[in-house]
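Student: Chain residues, written in single-letter form:
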Amino acid sequence: MPVRGYVVVNETYCKGCELCVEACPQHVLGLDATHITAKGYHPATLIADGCTGCGICGVMCPEAAITIYREKSGVERITS
Amino acid sequence: MTTMQTENETLVYARPESLTNVSTHYCPGCTHGIAHRLIAEVIDEMGIRERMIGVASVGCSVFAYNYFNFDFVQAPHGRAPAMATGVKRVLPDKMVITYQGDGDMASIGMAEIVHAATRGENITVFFINNTNYGMTGGQMAPTTLPGQKTTSSIHGRDVETQGYPIRAAELLSQLDGSSYVVRRSLNDPKNVRLAKKAIRVALEVQARGLGFSMIEFLSICPTNWGMTPEASKKWLEEKMIPYYPLGDYKVHPAVAQIKI
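Heads up: the protein sequence lines correspond to chains A and B, in order.
Under the numbering used here, residues 1 to 80 are what the first sequence spells out, in order.
Under the numbering used here, residues 1 to 260 are what the second sequence spells out, in order.
The following block holds chain A by itself, in its conformation from the complex (with noise of 0.2 Å):
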């Protein structure tokens, strides 16, 4: 089983750089097209499934606006 995270994007923060998308190793960053932040910009936002919750669109953030959770290993999931 691949270790499993998720990321929370401080829209008060972001603006939509792309810099964590490119710099994304498993390609599942993305801009959310469908929403606007106060400042005018589409937000980064997960687009699919495999976040390992690696950190590095963390280290790229220029704004510092991504918080990154990773799942310990060795926990059982209900779902899974």
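Simulated from the structure, these hints should not be mistaken for lab results.
Because the structure is a prediction, the values reported are computed rather than measured.
Ideal Cβ placement from N, Cα and C applies to all residues, glycine included.
All clues given are correct.
Short derived list, chain B residues pointing at chain A, Cβ under 8 Å:
| hint | residue |
| --- | --- |
| 1 | Glu9 |
| 2 | Tyr13 |
| 3 | Pro16 |
| 4 | Thr31 |
| 5 | Arg193 |
| 6 | Glu230 |
Below, simulated DSBU-like cross-link-like pairs (lysine-lysine); rule was C-alpha separation at most 30 Å, straight line:
| hint | chain 1 | residue 1 | chain 2 | residue 2 |
| --- | --- | --- | --- | --- |
| 7 | B | Lys197 | A | Lys72 |
| 8 | B | Lys190 | A | Lys72 |
| 9 | A | Lys72 | B | Lys196 |
| 10 | A | Lys39 | B | Lys234 |
Assemble chain B onto chain A, guided by the hints.
Tutor: Showing chain B alone in chain A's frame:
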């Protein structure tokens, strides 16, 4: 914002405490933000936020005092190293940093930075090189590459009349007073991580009283370069890094012994 953490998951990364909760004025994709974030992360890791005093420069980086969650003063154009000298000499137990762009440090403030370095002032200088004057509209800076088009060199920088770019890291590394002078890039995750390590070393140099430390960050300026952030990263890699090679230019033997 959901920042709840359950017992089945670990927090990998969250916004550092040393940044205030305000949105920056930087353009989307500007790597000033990455430099801010890295400095804030290192300050959090070292636990020195209450001891920090920053000196902001003039240029895009002028609003650094709004974004860092510690004390800041703002210096006249280019005079941040002179002001930092005064702050550090009056309050030697504080950690003093300056945060300057290339228009500020490599142009109008060249005298201040050279003399602060040659005196071996115990301060840390963060220098952002994005090859133009960002805030005023992308004019030619001392760091603009030969042939690069800017709003004040519309046919490309002509070295016959406008001279050659200044390599600030190499220049300051020649001075006996400097202890730690390196150049890093902010274009990809690997280089960003190396930049963070260099920031840690530079602040350790100051914490141990080993003298002057300076880090030059190669940075992108998508708006004034007229490119997307992704294209800017490629341009930095293909054009800037060959002219401004990354590396350690001055590491004093005492600094080389620092283990982190």
